[in-house]
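Visitor: Here is how the chains run, residue by residue.
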Amino acid sequence: MWQVYLKELKELLRDKKTLIFVILLPILIFPVIFAVMGLVMSSTTSKAMQVEHRYAIINPAQAPEFAEALYYHKNFTRVDTELTEVDALADAIRQGDFDVALVIPADFQQRQSAVEQSEWQLIYNQSSQLDFMFRYFNELMDKYTEDLQVNNLTQLGVDPDRLHAILNPVDLKRVDTADTRENIGEKIGALIAYILIPLCLMGASYPAIDMGAGEKERGTLETLLICPVSRSAIVLGKFLIVLSTGLATTLITVVSFGVWAAVIGSFTGMDVVANVVSSISVLDLSLIFLMLLPTSAIFASLLLAISIYAKTFKEAQNYMSPLSIVVFVPLVASILPGVELTKTTAMIPLTNVALAIKELIKGTVDYGLLLMIFASTVVLAALFIAFCVHWFQQEKVLFR
Amino acid sequence: MIEIKNLAKSFAIGKGSKLSESEKKDVRFSKTAFHSVRDVSFHCEQGEVLGLLGPNGAGKTTTLRMLSTALKPDAGSVFINGVDVLKQPLKARQQIGFLSSDTGLYGKLTAEENIAYFGHLHGMKSALLKQRIDELFTLLNMHDFANRRADNMSTGMKQKTAIARAVVHSPKVVILDEPTTGLDIMTTQTVLDFIHSLKALKTPVIFSTHHLDEVATLCDRVVVIDQGVSTFAGSIDEFRACSEQGDLRQSFLSVINQAQLAETQGAA
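Respectively, the protein sequence lines represent chains A and B.
According to full-length UniProt numbering, the stretch in the first sequence is residues 1 to 400, in order.
According to full-length UniProt numbering, the stretch in the second sequence is residues 1 to 268, in order.
Just chain B, with the same shape it has in the complex (with noise of 0.2 Å):
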């Protein structure tokens, strides 16, 4: 299970960057910093898939770059089945596996490569990595272009790559940052089966996304952050009661709208 308690993360500002009007209204920007993140908490039990909504620039990515250890919270804490993944970074990376719609391959790379390297990294002996890259071939269908290199691939491949990529090292919590934003229908349809696949095996999953029949189908929690605060974390069902109709849209622009609202009467 992952659990993530008060997180926080601010950027320092440039002396000489000046803020435009818009920035300005942003509760987030002090003189000297953006507090990009501000106080984010939620949990997620094994076999679940949560479901990471806000509007853009609301702080999803940096809490998922905090989640993967790519950046270093200011405070807060983060468990991923039991390591502290601020004390063990290299332990918790282990157990980690990343996916983001714009994560990239190495051009001059196979497919097979392109994984076999990731394995490597993750310490992976030779033979177990061969097998493993195997079944997941057979798994994502990717026998017929494994051995070609990724700049002659086709979205699609190159997805399915990706994919194979993030879990290779058969990680205990999969992180997707927008999986699928920008990706034909096809394409998106795999990253969807992918999460299924994931869901089936009880692996947790926690993914950030703008669509909401993404969130319908597939979720089991959700949690909804605006200017770097977790404003709702919950189950699906409690989120769909945030709305009289039960729906999604609604729940979600309500939440938003009570959050701002509690907001300027703080601020006042």
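Looking at chain A on its own, in the form it has when it is part of the complex (with noise of 0.2 Å):
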């Protein structure tokens, strides 16, 4: 076994394509996750907030000072406009005219003297993402309303000094009970869980791939099996192979994470994310370590089934690409917001060390959930282990 394991071992060290996929990606892949996303959000934001929308208003004698503000905003350009419709408006501005319509009702001083309630309309596209010119308007409504309340109350005979406290009676602090990592962790540890464990399957499917379809291909094959060591001792070389470059893709995963996310923190300040990276132990990142074992385990095996069936390369590559859609299914379950590490959840394959995996990374995780979960794990993978090697023992795989 061992004698199989090594020399394959050696071809593998050997062979350029195998040290690009398990060393340079996953070494390269997060800076530039990193850098491709802070690079998109943050043009993309600076542009949006630096567009100037073209607004049209309609009676804007009834709200002078309101019409005033708008004018002088710098996200703001007037446009005039005969239209005073909504519907009309609203074609206008899907054809492009102007981008934002403000429709003041005609009687709204007169019902304000009589402090009753008005209804504006703001009619823009609201598919936007990035929605500025909304925070930039609000911005400028909330002081506008703020003065007429004040305006108002003044004129009913409030003491100015006690406006604030009738306004707003109850001011409400909210004290969080979960600290920083648990935060961050939230949002960021199913995200890692969700790169960690693709990059475990892809890892090992290249040298999957290799050793089983490689081996037909090249007609290695047929001498491997009639040599006196028996067939079980053959697959279960090839499998620990697998599983080690499936590992050691992981493996420099974490580190180059933690490493990058260190660099990163450290270059804009955001001593959050680094101290979150530091406050996350040794044993955790053992316990999401051997987590990952026995799925890098269920994957090398099936990869390695896989690889034994298909006749060449090409084939074997047709049998993963729907291996990795189905991979994903559980791993998009457990990013979904509200799915949480319960009792049910942590019977579902996959999912299960996701959340656990996140669970880790946030400091809250139940240490009797993760032992279930990792010894269904090691159970799931001793039977895909068993079935690969009994697989390797079919004629009508190895010689179809």
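It is possible that part of the hints are untrue.
[As the list claims (entries may be wrong)] Just a sample of chain B residues kept apart from chain A, beta carbon distances all over 12 Å, derived:
| # | residue |
| --- | --- |
| 1 | L105 |
| 2 | H196 |
| 3 | S235 |
[Said to hold, decoys possible] In the DSS-like style, the derived pairs of lysine-lysine whose C-alpha atoms are separated by at most 27 Å in a straight line are:
| # | chain 1 | residue 1 | chain 2 | residue 2 |
| --- | --- | --- | --- | --- |
| 4 | A | K311 | B | K108 |
| 5 | B | K108 | A | K17 |
| 6 | A | K396 | B | K5 |
| 7 | B | K91 | A | K396 |
| 8 | A | K311 | B | K5 |
| 9 | B | K31 | A | K311 |
| 10 | A | K396 | B | K31 |
| 11 | A | K10 | B | K108 |
| 12 | B | K5 | A | K314 |
| 13 | B | K199 | B | K130 |
| 14 | B | K72 | A | K396 |
| 15 | A | K10 | B | K125 |
| 16 | B | K87 | A | K396 |
Hints listed in this document are in silico derivations from the structure and should not be mistaken for laboratory results.
The C-beta atom is built at its ideal place from N, Cα and C for all residues, glycine as well.
Now that you have both chains on their own, put them together as the hints suggest.
Guide: Here's what the structure looks like:
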């Protein structure tokens, strides 16, 4: 078994493609992801913040102070229009005549004097994810309504010093019991599992193809089978090397993630991230690795079984692509909002591992559940390995 | 010596697969299985070279695979120097050297590493292995490319490496499946020289081939397999006697024709 293992290891280390997949990719993927995300986010955000919104205003004379504030705001440019109907204004926005229309009712001042509520209409396309226009508008609106409130209440004879207490009788302060680690862990923990687990699969898949279908394609399988070594020993040797590469990829990824998170944290003054990363103990990291161990074993045996069945590299690759989609389904389930680690979710393969990793990063893991997940994944892995060994004894698989 | 008796092997056919017209005519196809090898018997004495002849798809490769323990036969027996191959496959494998024309090498490993890997798998100790590899390199004139990776070798170098790999453990019997098919003249000669050297060492060789000139120069015995049945097994002289002029090609054709005649008569 170890003969097979050592020989496969030697071959892999001499193969540039493996090195790229197993070592280079995990080292580079995080800085690339961080950089791209940061760049895109900051550039689109700053762009969105600088855009000038063309607006049309109906009945500006009813609220001259507000109209003036809007006019002098740097992100708003006034456009004159003849239209007054909501539908017509919406059509004009769709055609691109202007971006936003504000309809102030014609009886606004009259209703103000009578201390009655009025309805203003703001017409614009709300599908944008970065809705800075509404934020700017709201700031102006808040200021304007506050001025109106002060005005009205003063007219009604209220002491201006007490205005604040009258308008906001209760000031609610929320005290968070979750520490920073838990907060950030909740946000990035699931994402980390979401990256780690597919990398386990990806790191293992290339060597797996080489080990089964590759042997068939090169014509070395038959000679290997007639060596005085049991087929179980051969397949276990191959399994171990696939497992090792999968784990190596994962390990390098974890380390690379840690290093890059620290580097980026120190750069942009994001001390919070750096603190969270440093608060994850070696024990937690080892536990994450321990969770990934049986998971990788499942992947390794599945990939190897596929690869042994396939006649060629290409065929093996064709079978493996649906597998990666199948792997993503339970992972996506784990990052859905509201999905927590419970006794039920702990029974779903892969989802449970992803959730456990998230809990470990948050530092709020239930060790009982963790043990249960580990045990169930180990059992599952053992079943898959047994299947793989059995599979490798089948003539109909080896000599198709 | 090697003794094979009434060997048979069938492969299950997938339920959905449709048989072609020519396949339906083949007597070996039943509804659920393809009886690749139905009844093959022959034997080969110490120091003899046995040539396995037969049309494409006759069952030669399947027979050799069963002999080399890669496949398990459904029925029959295989003995190599008294070792029951079916009951003690691991022990039998230590005595077998196997090579076919499409046997490959590990491209990332050098000639020496390729050979050493199989030596180790055969349980050879490092010191002995080193000595044996050196011996083989001298014999096959391979010292020049001992440390070259298989990916960068010429076909001839690869074939020499494959030969050395097949006999690194000094097998008691060597099985060759169409060892010269698709090789150029020089490389073919390497293989033939290798068979000659085995013959000189009194190592029995069983090889399948389509080249009758190879049979004429090398073989002591001939076995003809057709439609999974060994229709002829005997010495080269007996085989020659199957045709009036003593021409091997005519002998082969007459053996095949007689067998098919018997088969149709049997069916009728």
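Visitor: May I ask which of the numbered hints given earlier this structure violates, with the numbers listed in increasing order?
Guide: Those not satisfied are hints 1, 8, 12.
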